[in-house]
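Build out the structure end to end from the sequences listed, making use of the hints.
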Amino acid sequence: MPAPTSPLDSAAAATQDHVGSAIVFDDVWLSFEDISVLRGVSFKLPFGETKALFGVAGSGKSTLLKLALGLMQPDSGKITVLGREVTHMQEQEMFSLRGRLGMVFQESALFDSLTVAENVAFRLMEERGIYDDEIDRRVREALRFVELERTVDMFPSELSGGMRRRVAIARAIITQPELLLYDSPTGGLDPVTSNTIVELIVKQRDVSKTSSLLVTHRLQDAFTMATHQFDTQTNQMRHLPRGHYCEVPMSFLVLRDGKVIFDGDVHQLAHTKDEYIREYVS
Amino acid sequence: MELTSPTEFAKGKVASVQEYTFLAGQSLANLFKRPIYTGDMVQQADLIGFGSMSIVLSACFFIGVALALNSATTLGRFGARTLIGELVAIGVVRELGPLLAGLVVAGRNASGMASELGSMVVTEQIDAMRALGTDPMKKLVTPRVISTMFMLFFLTILGDLMGLIGGNFVSSVLLRLNEREYWNTAWQSLVFSDIIIGLVKPVIFGFIVATIGCYYGLSTKGGTQGVGRATTEAVVAAMILIIAVDVFVTQLLMVLLGAT
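Protein chains in written order, with our numbering: chain S, 1 to 282; chain G, 1 to 260.
No lab work stands behind these hints: they were computed from the structure.
Please note that a few of the clues may not be correct.
As the list claims (entries may be wrong) - Within a straight-line C-alpha distance of at most 35 Å, the following computed DSBU-like cross-link-like pairs (lysine-lysine) qualify:
hint, chain 1, residue 1, chain 2, residue 2
1, S, Lys259, G, Lys11
2, S, Lys78, G, Lys11
3, G, Lys139, S, Lys78
4, S, Lys209, S, Lys78
5, S, Lys259, S, Lys44
6, G, Lys139, S, Lys203
7, G, Lys33, G, Lys11
8, G, Lys221, S, Lys259
9, S, Lys78, G, Lys221
10, S, Lys44, G, Lys11
11, S, Lys203, S, Lys259
12, G, Lys13, S, Lys44
This is the structure we're talking about:
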């Protein structure tokens with residue numbers, strides 16, 4: 001793409017970027033009292049791409065997702081989600097935009113007084129008012145996707161940690177959102193259960209091609225996502241040959257002390273010269 | 001423990017009052033915006049109204065008994081024990097019935113709301129609700145506020161009746177006074193302004209209980225310890241506010257209704 005030659009061209013190019021991106025963070029700053037959490041964070045998540053966001057605990061990863069959802073407001077900077085600037089959007093306006101997003105929370109955040117079916121159907125029931133046959137069909141479809149159809153009438157307290165994450169994924173995808181946000185979906189889980197969750201995320205990515213932003217501190221999860229593809233024939237995730245990467249674009253973003261220190265693909269990540277990232281990757 | 005400067009402390013308190021006022025106003029304004037969660041209102045009415053009925057009724061019965069016992073001694077000195085019905089009726093209907101029902105419901109439900117919503121805050125369920133496109137103010141706060149106001153009104157009517165029955169128990173069983181005379185003096189002593197004062201208060205108290213409970217619940221910070229703190233603070237604040245507001249509402253209504 002030729003470089004913009006005038007301020008007008010530059011503005012047009014920026015608008016084009018925002019239109020072609022599911023999320024755009026532009027010089028975002030955020031502090032809690034005297035502590036700087038984000039210091040000029042800028043990045044883009046193009047439509048159809050999956051971006052894995054790394055950083056040590058407290059580096060502002062979850063905060064970044066909450067900003068994208070409009071659950072928090074930045075001190076300065078601009079955040080655009082699905083082409084709409086959310087930085088100064090009123091809460092009432094945000095509700096309609098959030099209907100186009102799906103979010104999987106760190107600890108699942110299932111409503112403990114509702115059954116699994118009611119949790120998954122929550123958004124649809126809010127739209128229609130009652131739990132009808134159509135909603136039931138879609139709930140079972142979403143639960144079948146995460147292989148938990150048998151838990152329909154159970155309460156979240158009766159499920160294991162891994163099952164709760166899977167129900168949270170089902171709740172996030174039931175409305176087929178245009179953008180999915182995952183907040184440490186494998187955090188605190190054993191390796192086998194983590195792998196099941198990663199497989200579901202890969203399945204969602206490859207089957208629905210939904211743009212996704214995934215926060216994690218487990219590098220192996222993101223590498224698994226980059227080197228595996230979901231096979232709809234066998235209904236399993238399969239390892240791609242060495243040097244091959246998944247068809248859906250996948251990128252990595254590393255945060256350190258509230259700043260983006262890396263934004264690139266798996267190849268660039270593997271060959272980075274940054275000492276901190278090399279240590280993190282190893 | 002870190003000490004807060006007086007300026008920061010004052011700023012914090014002003015911000016809290018501002019947030020509470022916004023929540024209280026929003027809880028009523030939401031009644032005029034769709035969607036209206038009728039099912040949640042009915043569910044809350046059941047939890048708050050029927051759940052509190054036994055304790056409100058028993059508390060009101062015993063306050064009626066205590067009031068009659070205490071007034072019997074004083075009235076006996078003037079040979080006016082037959083006026084027990086009048087004293088109990090005015091005392092219970094105007095003041096003690098609404099106040100006691102409000103305090104009992106505050107103790108039971110302000111704490112329940114604060115702990116329930118507080119737990120939802122610390123487990124990110126409130127954020128999840130917002131992320132799913134639902135306004136927690138509409139879904140959680142408004143149904144609780146409307147149900148508490150509605151149910152406390154009826155609980156107070158039943159509580160007043162139980163208070164009068166308690167007074168009658170003392171009058172007829174312990175003091176051997178004429179039962180018909182008790183009810184007759186009780187009925188005749190009540191005027192329009194007494195009934196209005198006695199029925200406006202529970203609606204206001206219900207609003208205080210629910211908004212305070214929801215406010216402290218939604219402002220919870222600091223995990224499970226924060227939930228415990230929010231619960232305690234909600235009960236204390238609701239009770240103090242009910243007693244303080246009772247003074248002003250009584251005076252205001254007495255002036256407005258010409259009952260001074």
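Do the hints match the structure? See the list:
1. Lys259(S) - Lys11(G): The given pair, whose Cα atoms are some 32 Å apart, holds under the 35 Å limit.
2. Lys78(S) - Lys11(G): Distance ~29 Å between lysine 78(S) and lysine 11(G) Cα, so the pair holds.
3. Lys139(G) - Lys78(S): 30 Å, holds
4. Lys209(S) - Lys78(S): 26 Å, holds
5. Lys259(S) - Lys44(S): 14 Å, holds
6. Lys139(G) - Lys203(S): Holds - the C-alpha atoms of lysine 203(S) and lysine 139(G) are around 33 Å apart, at most 35 Å.
7. Lys33(G) - Lys11(G): With Cα atoms ~32 Å apart, lysine 33(G) and lysine 11(G) stay inside 35 Å; holds.
8. Lys221(G) - Lys259(S): 27 Å, holds
9. Lys78(S) - Lys221(G): At roughly 28 Å apart (the allowed maximum being 35 Å), lysine 221(G) and lysine 78(S) satisfy the hint.
10. Lys44(S) - Lys11(G): Status violated; Cα separation ~38 Å.
11. Lys203(S) - Lys259(S): Answer holds: lysine 203(S) to lysine 259(S) is near 31 Å, not above 35 Å.
12. Lys13(G) - Lys44(S): 40 Å, violated
Violation of the numbered hints given earlier is confined to hints 10 and 12; the remaining hints are satisfied by the structure.
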